[in-house]
Amino acid sequence: MEAEPKIEKRDAGATERTQQVKGKIIEFAWWMKKEGYAENTITRRVKLLSVLAKRGANLFEPESVKEAIARQDRWSVKTKELAVEAYNCFLRMVGGSWVPPIYKPVRKLPFIPTEQEIDQLIAGCNRKTATFLQLLKETGARCGEAWKLEWIDIDFQNKLVKITPEKGGEPRAIKISDKLISMLNTLPKNQPKIFQGSLRHFARSFRRQRTKIALKLQNDRINRITFHTFRHWKATMEYYKTKDILHVMKLLGHKNINNTLLYTQLVNFESNEYHVAVAKTSEEIKKLLEAGFEYVCMKDDLMYFRKRK
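Going by this note's numbering, the residue at position 3 of the sequence shown is 11; the numbering climbs one at a time, nothing skipped.
Worth flagging that the hints you see were computed from the coordinates, not collected in a lab.
Treat the hints with care, since some could be wrong.
[To be verified] Using 20 Å as the maximum straight-line C-alpha spacing, the simulated DMTMM-like pairs for lysine to aspartate or glutamate come out as follows:
hint, residue 1, residue 2
1, 258, 146
2, 62, 35
3, 41, 123
4, 197, 246
5, 220, 127
6, 315, 252
7, 170, 158
8, 167, 252
9, 263, 178
10, 187, 127
11, 315, 246
12, 42, 123
13, 136, 186
14, 295, 246
15, 32, 71
16, 249, 123
17, 183, 127
18, 112, 123
19, 62, 43
20, 201, 47
21, 156, 127
22, 294, 146
23, 167, 298
24, 183, 69
25, 315, 123
26, 30, 81
27, 41, 174
28, 136, 146
29, 224, 246
30, 183, 93
31, 197, 158
32, 315, 302
33, 156, 47
34, 258, 246
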């Protein structure tokens, strides 16, 4: 008969701790906002700590958090590293300390699809998604940078888009195509921002569309294309065309050239990965250059161009 009050007392204590942790995580989110952290960083760190708390971590006991991270067998090493960074930040807020576990993910070369695969994905998406993806393709912007764009950032006359940086990057102005200008003009202009709503919900919609397109085309490689893949693709193509690493660094808004050097390792295309075209007149040459073809050589008064598939 005496067991029931003890169980109730224990349950009440657990509920109280849960509420205390939830309150502290909300306080943590507000603290990061005041400290000037990016919204994406705040969202990611709050989510990671919330998941750890749900899975048994006591955020007020560093060893408990360390054990909870170690138990997440389905997490990648990168996710565990991000969880450690999140808890480091949390301890800075509360004035705590710990000896953090060391997780060092092995850096892998990113997946680079063909342009044909990227264009097939864009063509299969709805109007808003297709415009967003075309913007990523042409600018190499981070998805967060593109999502925050306002109409005032688009110079329709000079065909330029002004990118406000994330992650301490550099601002830049990037030339865009007539095709993208036309796509942007199909979107409603009743709000300052070009793309409305939540980026998280938009990303979920994108993944659903991507799955259908990959299934329809019987090409699972399309399922590997993420928003960030467009940035990798753009950087790789720009380095291939220019062999100018400083140009690529400026395009991406990198401050550290070491982050850009990755793309020098990705330029190694086979001859069968190209479309080849021949031009004779200035108009034909202009059209090929506008379509992204590069000049290769001249023979018998004909100019040969190529473009990666």
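Worksheet item: Tell me, which hint numbers fail for this structure?
Response: Of the numbered hints, 3, 4, 8, 12, 18, 19, 21, 24, 26, 29, 30 do not hold.
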